[in-house]
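Colleague: Here's the letter readout for the chains.
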Amino acid sequence: MKILITIQGNFVAPRFDMVSEVLIASYDGQQLIGKPRTILISRPSADELCSFITKEEIAIVVCGGIEERHYKYLTWRKMMVFDSIIGPHAEALQMVIENRLVPGTILPGAAGDEAWA
Amino acid sequence: MNLTSLHHIAISEVLNGLPHGIAVLDRELRVMEMNCYLEVLTGYTIAEARGVYGNFVLRSNLGPRGQQLQKVMETGEPISVEGNIINRHHKKIPILFSISPLRSEGGKLAGLLVVLEDISVLQNKNPRIYDGTEMILGHSPRMQEVFDLMPVLAQTDASVLITGETGTGKDIVAEAIHKSSRRARHPFIKVNCGALPESLLESELFGYVRGAFTGAVKDKPGMFRLAHEGTIFLTEIGDLPMPLQVKILSVLDDKEFFPVGGTQKIKVDVRVIAATHRFLREQIQNGKFREDLFYRLNVLRIHLPPLREREGDIRLLLDHFLREFETKLNKSIKGFTTNALNLLLAYSYPGNVRELRNIVEYAANICQGKRVRTEHLPQYIFTCQITTGAHQAEAHETGRQEEDAPPAAPFKTRPGNWNDIEKEMILQALTKSRGNRSHAAGILGWGRTTLWRKLKTHGLM
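Protein chains in written order, with the working numbering: chain A, 1 to 117; chain B, 1 to 461.
Because the hints were derived from the structure by calculation, they are not lab data.
Where is the CB? At the ideal position from N, CA and C, for every residue including glycine.
Please note that a few of the clues may not be correct.
[As the list claims (entries may be wrong)] Simulated DEER-style distance windows between Cβ atoms:
(1) Ala158/B - Pro108/A: 49 to 57 Å
(2) Ala59/A - Gly107/B: 25 to 33 Å
(3) Ser26/A - Ser100/B: 41 to 49 Å
From just these sequences and the hints, can you work out the full model?
Modeller: Dropping the structure here:
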């Protein structure tokens with residue numbers, strides 16, 4: 001199963017439609033398989049990101065703000081979407097693995113010093 | 001930034017009194033303060049947002065990493081720029097941002113004041129938004145009566161009661177009345193009276209003061225206060241618990257109320273629009289609704305006809321929604337085949353326009369050709385055609401069948417009354433959706449609240 005997190009620096013990107021970088025991790029239900037990889041998106045576009053997510057056969061999407069139609073599209077494609085997440089992407093990934101992440105979570109590291117890194 | 005020189009509560013009061021979203025950010029662009037309007041716009045409360053980076057909460061398109069905010073912080077020059085935000089409820093809202101620097105007593109830059117003005121009404125190029133009546137489609141004489149009445153309702157400030165079956169467009173009519181009224185620039189706050197338990201609903205409606213109950217660590221303004229100078233829309237008013245009915249009546253009469261645990265009355269200038277799918281007179285007879293509240297709400301009344309009584313509108317709506325989804329899904333569907341159209345025109349639409357829209361959305365998604373055929377329609381339509389006879393028989397018994405209603409289906413293959421059939425339909429939908437209530441509601445053409453209510457009625461939860 002693949003997990004995709006839309007990222008901005010060390011944080012979950014605040015908007016799905018303005019994402020230029022994503023992190024993809026593979027997960028066997030208990031632990032990560034290999035190291036997560038980051039991929040640069042050539043042009044921020046929610047539509048193109050949706051088709052990329054579909055093509056990559058992602059099972060879980062972690063993101064910040066997402067428009068209704070893109071959210072509905074991803075859930076219609078049977079993906080689990082944790083939206084409105086604020087905070088460091090490493091914390092978000094850890095919480096997905098521990099099955100503790102819920103949509104709208106503001107993670108403890110959300111006010112870290114590297115938000116604009 | 002030195003906020004200690006000003007009384008903290010006084011600042012919140014000032015910010016909450018302004019009709020735009022306002023955020024105060026510190027030098028590191030973290031949220032220090034937010035007013036209630038911004039809480040409604042973003043979906044985050046100040047308790048959640050305090051200390052978090054401004055652009056993570058606002059989620060604006062003001063450049064990557066909130067460039068515009070940083071620019072004002074660096075130059076000290078205020079700017080005003082149009083953009084948008086995406087809120088917690090997945091809604092993109094066009095915003096006019098006014099970002100100004102805040103300086104400490106020594107003149108040093110201490111933070112930012114960000115004002116967010118919702119400009120969705122100004123930006124929307126669709127003229128239907130401006131003219132309330134054009135938000136709703138229909139050529140039938142029954143709808144014409146509604147269109148004739150709406151401008152009259154918009155001009156006055158009296159309470160309005162909207163009645164009609166589920167899916168007839170009560171919410172859209174309420175919003176259209178608000179947008180055509182003199183209160184259009186002020187908030188339109190919708191509260192579903194059937195969705196929350198009594199204790200929670202009271203604090204949602206009227207707010208509470210700090211210390212009112214365990215966990216009330218700060219004052220909460222409540223929906224009536226958020227709707228100040230605007231309109232509050234109380235949907236499913238028929239489900240409002242009796243004790244709260246008294247409080248609502250008192251607000252309608254005196255335009256003031258006590259928040260939960262409060263000792264000071266709060267004055268509000270709010271127009272109330274209420275809606276229900278229930279027969280309130282029956283509710284009064286059963287002792288479930290106060291007669292005095294009914295008469296207070298029933299100053300102006302508008303009844304939305306069910307789709308089966310809107311002669312000719314089904315075809316209009318089918319074409320309209322097909323065009324809408326054709327564009328949205330980037331497909332080139334030209335219309336319906338004769339068989340599909342006949343089936344859709346003969347269907348009874350118990351979920352009214354909402355159900356019709358869902359059926360067309362389903363068909364537009366499934367259809368890969370130029371025309372929607374019968375096999376592209378949801379399966380339940382075919383089973384429901386069988387049940388139509390039973391439904392109409394019940395309507396006839398209650399004296400609600402219209403003269404021009406289509407003749408009853410010639411076959412009644414299912415035993416039991418409408419309640420049994422409805423229960424069976426719900427179970428089938430839940431099985432099909434593997435227990436997912438949102439999907440099941442979609443299949444049935446109902447809202448989630450309707451499905452929840454019916455599950456309770458049938459003892460399925």
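Colleague: For every hint, state whether the structure bears it out.
Modeller: We went through each hint and held it up to the structure:
no., hint, in the structure
1, Ala158/B - Pro108/A: 49 to 57 Å, "50 Å, holds"
2, Ala59/A - Gly107/B: 25 to 33 Å, "54 Å, violated"
3, Ser26/A - Ser100/B: 41 to 49 Å, "47 Å, holds"
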